Amino acid sequence: MESTKGNTRKIDVFRYDPTQGGDGHFDHFDLYIDDETNTTILDVLIRLQKEQDSTLSFRYACRVNMCGSCGMVINGREGLACKTNVSDFPAKQGITIRPLNHFPVVKDLVVDMGPFFKHYEECLPFFEPRKIMDEPAIIRPDSKERIAIGLATECIACGCCVSSCTMANYHENYAGPAPLNRAFTLLMDSRDALYEERMDKVLQSCYNCRTEFNCTEVCPKDISCTRAIKYIQRLAIKEPFKSVAKPKPAQDVESSPEPEPIIMNTAPGTSPVIQTPAMDVKHDTSRCRHESTPAIPVEAIEANNTSRRSFLAGLTMGIGAVSVLTVGGVLAASFVGPAMQKKPPLWVPAGSIEKFPVGQVSTVNLRYTENVGIYKQELVKPVLVWRPPNQNKIIVYNSTCTHLGCTVHWDVNQNLFLCACHGGAFALDGSVMAGPPPRPLDHMEFKVDSGNLLIAMV
Amino acid sequence: MIHETLKADILIIGMGAAGQLAALYAHDENPDLNILIVTKALKGKGGCSRMVQGGFNVVLNEADSHEKHLMDTLKGGQYINDQDLARTLVEQATPTIKEMETRFGCFFDRNPDGTVHQKPFAGQSFDRTVHKGDLTGIEMISRMTEQIMKRKIQVLEECRAVDLLKDKSGQQVTGALILNMKQGKFIRAEASATLVATGGGPTQYRFHAPGPEKSVDGLGMLYRAGTLMRDMEMIQFHPTGLIIDGSVVAGSLLEEGLRGSGAYLYNGNGERYMKNYAPDVAERATRDVVSRSSYLEMMAGRHCEEGGVRIDAAHLGAEFVLKNFPGMCSRCAQFGYDLARGPVPVSPSAHFVMGGARINRDCETSLDRLFVAGEDGGGVHGGNRLGGNGICESSVYGRQAGKALARFMADNGTAPPETDPEMVGELMAKYLAPFGRNGKEELFVLRDELKECNWNNVGVVRNAKDMATAVEEINAIREEAKTLKISGTRAYNMPWNIYIDFLNMLDVSDMVVVSAMARKESRAAHYRSDFPEQDDDKGLFNSFLTRSADGKPSLITEPVDFMYKSLRECQIHKK
Ligand SMILES: Cc1cc2nc3c(=O)[nH]c(=O)nc-3n(C[C@H](O)[C@H](O)[C@H](O)COP(=O)(O)OP(=O)(O)OC[C@H]3O[C@@H](n4cnc5c(N)ncnc54)[C@H](O)[C@@H]3O)c2cc1C
Ligand code: SF4
Ligand code: FES
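Chains as they are written, first to last, in my numbering: chain P, 1 to 458; chain A, 459 to 1033.
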């Protein structure tokens, strides 16, 4: 922190106008700031809008780090505009502000948080009471479950972690840090009934995490999603089969006084590597928060006053071991395999075959209910049905973009399937015509039964 | 201009505690109901419920009682509460908070033995405030948003209601005109029943605690629709809003628990001035008393360098402050203040609207098919709200509304009558007008003028002369607003939305000043330097107000109905 009085900053802000399309560009502004310690990036944007360009768009609501609306990338790092002060940057440095990564841009700095909440919902982030009680459960604040959960429930869904995560970019099905963190807090919650269903939904995702700690680095609420993810893996590995047999009371999850080592078979023929799961908690002595953070499992880490820098230094040293952990993770998943059986496909009716005109692409929203253990989830899935002319043929495409999982739609004028998120485009035969998608659109299995089209949901 | 039409059984405007609980309880009573929530922010991100710091007042302990909570509430409100609403509040708070834990998965702070912890708050005869650290709202709203997801209740995000729709008779509400802010397109949303739960939020003042996203929209809409409003002079100022010069953070709160725990307030001369204004309780006096005292010190020139007064918690011990108020500490630390070890400059900050639509315990209003819950409703708190009774109100009345809406749908849930055919077109034309104009781009200037006008003339301390000035200024600002111009495209156009906010603020400013002029005494949050005494002979009335044909408020007063507790009982109650 550098306290600077009276300074003119060079500020570059990403601009994108949905009515113009294109890739967007940066606009440059010069702004004189009286007192940089008292000026947040949000103040800067408000002033630019008031004084220099009223068409500038950004999102905020609470202005005090509570709503998670103002996540953006500020000088290359994710953060809340209302929690980042101009004085956080050296006086001579310019400030570049762009929207969060991996989210479709709505306008300028405003992104569509839809993909975030989609993943969030898929992790079953909601409490389901184990039984309806009349009184709040008696749970001691120093119980293992509460110590483990700590302040991890304080996530404000700002999306910074997802934006910082390189894996969220590569794996369309990767739930991402914040959703997994929420799943973790519920897996640990002894009041909740959906342990297995949730574990079933999230475990696979956990193995996409490469333990890069980006999410932990940027979280404005000092939550470590990395820790949460590793915790879930450990829960699953410790009791792989038991979790199917009976719901797992959270209390005895950590009955052993010492951290449980995770044993990983790296590859056939090599000897197992024993590695204590990398649990981490971020410490930042510049804020007064750390003294009260009960979130730290005793075994988790270093002394409470470790500075972030030395903590990160420690991490670098551990990197070799960490990458081994990832490989081990994948194998461990197959080890846990029996608990997570594949379900048979669900045949969902899409209506009479007559409804789909030859020579046209039709979009149908399939509605179906998925049984997830004792919990029923109602789902709506758009699928794309293409009936080529002069052929007795039907092709059903999965509308999920093969890039990052946004929904593609059929554009009659351009004769293309388009994905609004990153501009992916697919031809009628499903092949990639433009944009980042790595492979053609996926086909979906279907059958025709007494004139009705049925589509397989797996 | 073309617009989309959506139809639902129940339209809920706002997604704070009131809106969310209404949706959850209505859904759980009848899962087949088609419920549509529209919210100005992203899912669960807008509103004050999320910003709740201190906590939720509720009777959970055998040594406490609903009777005591009721008496505290009436005493705090200086006797002009709607006693039936206040009683429902305290009685239903108990099951409401329990269900938040047992059904919706909130987890509040615990005592060492594992039972729910309750902390002290000002103006209460028992330590009854349930909380989660010092950022209680995040826990409540995050958990409830997830429950909305679980039930697949439809939510339109960044879609703000601009006005209520009515049938030709003007008596039945048929839904609302919605602006999809992202796309800049209008939606006509029609429903058998409509709930307004936009959470008040007096941001029409220089310093305000609610996020700038809020702009008394619900109150403005209700008033324009002709709903009967009450007690609009009662605006609460929280005593400890941060002063951060030039930043939007200004006005954001340092929570009440600090004073509750014994923090001191000092004026610019380093005197603990609260000992002069409230010798018995000093800083622990209710918000109205502390805010007024601070304001008077500031006006008398005894302000600190930053323009306000200073709160100091250092004598409580750094460890205690850091442990109990981590959120407040980091908020101060961001701007270079160390709350645990030294003073922080604060000012009174506009916080809460006690007035609002007149409702009954089922959240029904003076118009048919229209329900109101949460801060948009009036009467629960009388002249002053106790800390911890706000989120309590929005939760309890959200739950009441949800149940009442489900009952309404079961009993007479017919489709609404036809919306007045002219209405949608006229409203769209009104809100789109500034785009075509060849006028001035002075929106921000005018809005700030209005905030200053309200702060100086209809704020913490009022008098007849200042309020007369305010009426003139508000009228002049309204005239100038007719020349405002908005540029750019409609999609995510922030100034356009600020313009709509500003129109709501103007209407609410009218209501406040007219009601404040009619109360010629000082009571609770309403303090007049020209009538500095509380007058229990002439002042025990409620003001009711509607919008008359000329667009100006018309006001009548009615004596307070002491239906459960007599004036005498209220007067002698000591917390
Ligand atoms: C900083 C702060 C701290 C507080 N701390 C406490 C406390 O400790 N204890 C306590 O009891 N009370 C506290 N309060 C008061 C309490 O937060 C409110 O009384 C309560 O949350 C109001 O709830 P609500 O549901 O009525 O409205 P809100 O929670 O404000 O929700 C309003 C909703 O309506 C939406 N909305 C607004 N306008 C529109 C529109 N035009 N169209 C569609 N949607 C719209 C918003 O986006 C939001 O979703 C605090 C308030 C603030 C500002
Ligand atoms: S975990 Fe942290 S960074 Fe991620 S969404 Fe939640 S608050 Fe934001
Ligand atoms: S505006 Fe709410 S977190 Fe920044």
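Keep in mind that the hints were calculated from the coordinates and are not lab data. Note that this is a predicted model, so its numbers are computed, not measured. For every residue, glycine included, the Cβ atom is placed at its ideal position computed from N, Cα and C. Some clues are possibly wrong.
[As the list claims (entries may be wrong)] To give a feel for the contact side, a few chain A residues facing chain P, derived at Cβ under 8 Å:
1. 509
2. 522
3. 568
4. 596
5. 793
6. 896
7. 946
8. 1004
9. 1005
10. 1007
[Said to hold, decoys possible] Below, a list of computed lysine-lysine pairs in the BS3-like style, where the Cα atoms sit at most 27 Å apart:
11. A:640 with P:118
12. A:643 with P:381
13. A:781 with P:144
14. A:1010 with A:996
15. P:131 with P:92
16. P:201 with A:608
17. A:996 with P:50
18. A:733 with P:118
19. A:940 with A:643
20. A:733 with A:1033
21. A:888 with P:50
22. A:1032 with P:355
23. A:577 with P:381
24. A:1033 with A:923
25. A:643 with P:118
26. A:940 with P:50
27. A:978 with P:118
28. A:626 with A:1010
29. A:556 with P:381
30. P:50 with A:643
31. A:996 with A:909
32. A:898 with P:131
33. A:608 with P:381
34. A:943 with A:640
35. A:943 with P:50
36. A:640 with P:50
37. P:393 with P:381
38. P:118 with A:608
39. A:608 with P:131
40. P:144 with A:643
Cross-check of the supplied hints:
no., hint, result
1, 509, "5 Å, holds"
2, 522, "15 Å, violated"
3, 568, "5 Å, holds"
4, 596, "6 Å, holds"
5, 793, "6 Å, holds"
6, 896, "16 Å, violated"
7, 946, "4 Å, holds"
8, 1004, "31 Å, violated"
9, 1005, "29 Å, violated"
10, 1007, "36 Å, violated"
11, A:640 with P:118, "19 Å, holds"
12, A:643 with P:381, "26 Å, holds"
13, A:781 with P:144, "20 Å, holds"
14, A:1010 with A:996, "25 Å, holds"
15, P:131 with P:92, "59 Å, violated"
16, P:201 with A:608, "15 Å, holds"
17, A:996 with P:50, "47 Å, violated"
18, A:733 with P:118, "55 Å, violated"
19, A:940 with A:643, "22 Å, holds"
20, A:733 with A:1033, "18 Å, holds"
21, A:888 with P:50, "23 Å, holds"
22, A:1032 with P:355, "74 Å, violated"
23, A:577 with P:381, "47 Å, violated"
24, A:1033 with A:923, "36 Å, violated"
25, A:643 with P:118, "24 Å, holds"
26, A:940 with P:50, "19 Å, holds"
27, A:978 with P:118, "55 Å, violated"
28, A:626 with A:1010, "21 Å, holds"
29, A:556 with P:381, "36 Å, violated"
30, P:50 with A:643, "24 Å, holds"
31, A:996 with A:909, "31 Å, violated"
32, A:898 with P:131, "61 Å, violated"
33, A:608 with P:381, "16 Å, holds"
34, A:943 with A:640, "20 Å, holds"
35, A:943 with P:50, "14 Å, holds"
36, A:640 with P:50, "20 Å, holds"
37, P:393 with P:381, "22 Å, holds"
38, P:118 with A:608, "12 Å, holds"
39, A:608 with P:131, "17 Å, holds"
40, P:144 with A:643, "51 Å, violated"
Of the numbered hints listed earlier, those contradicted by the structure are 2, 6, 8, 9, 10, 15, 17, 18, 22, 23, 24, 27, 29, 31, 32 and 40.
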